[in-house]
Structures are given as structure tokens and as C-alpha cells.
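Novice: Since chain E is already given, all that's left is putting chain W on it; use the hints.
Protein chains: 2
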Amino acid sequence: MTSPLTIWTYDWVPQGPRGHVRDIRLRWACEESGLPYTIRSVRFEDRTSPEHLARQPFAQVPALQDGEITLFESGACLLHLAETSEILMPRDPKGRSETLEWVISALNSIEMVSVPWWFIGLSKPPENPLEGWLQSRLARLEAVLSRRQYLAADRFTVADLLMADILRVKTLRAALGDYPALEAYTNRILDRPAFRKAHQDQLDHFAAADAARAK
Amino acid sequence: MTSPLTIWTYDWVPQGPRGHVRDIRLRWACEESGLPYTIRSVRFEDRTSPEHLARQPFAQVPALQDGEITLFESGACLLHLAETSEILMPRDPKGRSETLEWVISALNSIEMVSVPWWFIGLSKPPENPLEGWLQSRLARLEAVLSRRQYLAADRFTVADLLMADILRVKTLRAALGDYPALEAYTNRILDRPAFRKAHQDQLDHFAAADAARAK
Chain E
7 MTSPLTIWTY
17 DWVPQGPRGH
27 VRDIRLRWAC
37 EESGLPYTIR
47 SVRFEDRTSP
57 EHLARQPFAQ
67 VPALQDGEIT
77 LFESGACLLH
87 LAETSEILMP
97 RDPKGRSETL
107 EWVISALNSI
117 EMVSVPWWFI
127 GLSKPPENPL
137 EGWLQSRLAR
147 LEAVLSRRQY
157 LAADRFTVAD
167 LLMADILRVK
177 TLRAALGDYP
187 ALEAYTNRIL
197 DRPAFRKAHQ
207 DQLDHFAAAD
217 AARAK
Chain W
7 MTSPLTIWTY
17 DWVPQGPRGH
27 VRDIRLRWAC
37 EESGLPYTIR
47 SVRFEDRTSP
57 EHLARQPFAQ
67 VPALQDGEIT
77 LFESGACLLH
87 LAETSEILMP
97 RDPKGRSETL
107 EWVISALNSI
117 EMVSVPWWFI
127 GLSKPPENPL
137 EGWLQSRLAR
147 LEAVLSRRQY
157 LAADRFTVAD
167 LLMADILRVK
177 TLRAALGDYP
187 ALEAYTNRIL
197 DRPAFRKAHQ
207 DQLDHFAAAD
217 AARAK
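Chains as they are written, first to last, in our numbering: chain E, 7 to 221; chain W, 7 to 221.
Chain E on its own, in the form it takes in the complex (with noise of 0.2 Å):
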């Protein structure tokens, strides 16, 4: 019997994240590959408690947990999911790397800026700072999915899971209306039904606390 996975989570946070906390990628990731999982929840004020830092050392979420292995990072948990299904990575060498290297890209050369200038631009500065370099990297990404419907391997794979999330964020997505293939494509991979359960489930799982601690 294959002990079934554990994605951690907050118990309850606060109306603005909702839909939005990176437990979602895990949900989403095994709604899309049909892998059982439960939901475990951290206390929201207890996330900075030994327990938890052993878990995610930076005081977040998601978490991971499959038998023996416990993952932090959103991103790690994703390519660890990956190895497990292959609706979610190709199995063979070149699908494999291509998917490997969009994971990457979304992290660390979209999401690198998007979330600065997003944080930034909470605080409503005259000018963002990081403005043009979100731009550059937008129209960068824009010429690669006016030629294609997925980032890797011709199918949908763990890599456009988090473009998608990452794209969706609402400041941003309110932008993408100058980048037809990137509002598309964002729209496309949004509509999966395995992204609106994940949603559906998170939205949910937060209500269900409000409700709890009403009592």
C-alpha cells in the first residue's frame, strides 16, 4: 500500500491570499495526476514555531510529506510530484529536461520579478522600480507562447501548473492584456477542471476555519 501524500498548509489566513496560498500547486498537481493526498494544517500563529520551521525553515507554506520524505518549497514539491506521475513530466530525457528547465524559468526568471514588483506595487509607489524588467521578461515569454500552446514537451506538464499560477496573480494578470498569447495561454491552463477543484478546495478549507473559530 503506498502511504498517501500530505501537502501542509495553514489552518486560516486572512481574505487576501485565499485562493492564492502555494498550497494550491500541490493540490492542483495531484488533482491533475489522480495522486491521493490529505490536507494538514498548521496553526496560521504557530508558523514561526520550532514544529513548523523544521518543516519550512522560512516560516511558509506548502509543505510536503511522502513516506519518509518531507519537502519544503513549492517548486521542489512540484518536481518531486513530477517524478511520481507522468501526466504531470514526460518520462523521456528530452521531455524530461524541457519541463525541468520551464519549472526553473518560472521561478526564477518570471516569478523573480513578478512578486518584487507586485510586492512593491502594494505600497503604491509613483513608479515601480521594477517595472521595465517585468516588462522585458513578459515579452520574452509572450514570443514563445505566440508559437506554442505549452511551454514544454508540446503537452501540458508540472510547468505550465506554475507559469499559470504565477501569471494569474490578479495585478499581474490585469496586465497581461497587452500580451495576447500570455493572456491566452494563462486562460487556457486556468480552465483545467484540476485547477478549479484545487481552488474550489482551498477557498473551502478557509471558510471551514473562519467558521471554526466563530464558535
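None of these hints come from the bench; they were simulated from the model. Worth double-checking, as some hints may not be accurate.
What the hints assert, rightly or not - Calculated cross-link-like contacts (lysine to aspartate or glutamate; reagent style DMTMM-like; alpha-carbon spacing at most 20 Å):
#1 W/Lys100 - W/Asp160
#2 E/Lys100 - W/Glu89
#3 E/Lys130 - W/Glu133
Here the structure is a predicted model, which means the values were calculated and not measured.
Specialist: For chain W alone, coordinates are given in the frame of chain E:
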């Protein structure tokens, strides 16, 4: 006969980035593991050519060629090399997953903050909007490295190579004085002969281009 690895870099760059162009990560990994490799160059002025964009869609370096496989993104190239050499990553599942999570942490929890922080700092603003975020990440990493010598698997891995390369960026390294464990760790990892050789080789590569261009 194994075909040798090819690492793609620029033929020339301005003085500023010399010693920091990311081909150094691949050179260093090959030097650690004894994997033979050759260096090939794209003209710096041709980095947005269709030929180079086919190799690296964000118009950057490095790219890695390994037989039929071509990869971009230094993090992806390092994980690919780590599959080839136990010197870079242990073979047991626990050692592998620890290496993987720390490679991704280096890229997405540290560098995602430190590179935008460094970039914004270039224009010398009165306050860097990413300062607090950077310090909180460094403090979390300090807590980890105050309890051990290496990030993963109780031994040197490709995760240390990557993290040390991220931490050695000049303005960041100057800020490590408040983090004695991080400072000692960075010094210890950078003292490895394979780093010193890779660093000197990169400086020599660009110096040779100066000489060729002066002709």
C-alpha cells in the same frame, strides 16, 4: 565515448559582471565533479538573435548542451548535472530531496529577493523597498546555518554551490556582517578549489575577448 558537456556563455561582457556571469555555476559544478566540458560563446551583441533565443528564450546565459539535450536556466542545468554526478547530489531519496528543496530555496526564497534588492540598489534610492524582506529571509537562513555546515544531507552539494554564488554578490556579501553563520558559510564554500578555478577561468575568458577585440 561520452560526448563532453558544452557550456554556453557570452564571448565578452563589460567589466561589472565579470566573475558573476552565471556560466560560473556550471563551470564550478563541472570542476567539482570532474565532468569534462567545453566552453562555447555567443557574441554579446548577438544575444537577442533568433539562434540564441532558441537556446535561451530570455536572451541570457548560460545554456548547457549534453548530447541531444540542451537546457537553459542555471538552476535547471545544475539539477541536470547533479543527476550525472554523486559529488553534486547524493543518490539516496532523502539526500536527493534535501538537495532539491535547497536548490529551489536558493532560487525562489533567497535569490527572488536578493537580486531585485540588488537591482533596485543600483539606482541608490533613499530607501530600498525590499530591505525588510531581504533581512527577514537572511535571518531565517542564518538560523539554519548556525546549526550546520551544509544546507543538505550533511555534506557539500550543488545546493551549497548555488546558495554561495547567490550570497557572494558584492553588496549582499557586504551585508552579511550581521549574520556570522552566513558569512562563515559563504567564505567556507567559496574557499573550495573548484570555485577558485571556475572564477579565474571566467575572468580569463573575458580578458581574452578584450585582447581579441583590441586587435
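Novice: Confirm or reject each hint.
Specialist: Here is what the structure says about each hint:
1. For the hint pairing W/Lys100 with W/Asp160, the CA-to-CA distance comes to about 11 Å; that is within 20 Å, so the pair holds.
2. Taking the CA atoms of E/Lys100 and W/Glu89, the gap is about 14 Å. The hint holds against a cut of 20 Å.
3. With a CA separation close to 15 Å, the supplied pair E/Lys130 and W/Glu133 stays within the 20 Å bound.
In the structure shown, no violation is registered for any of the earlier numbered hints.
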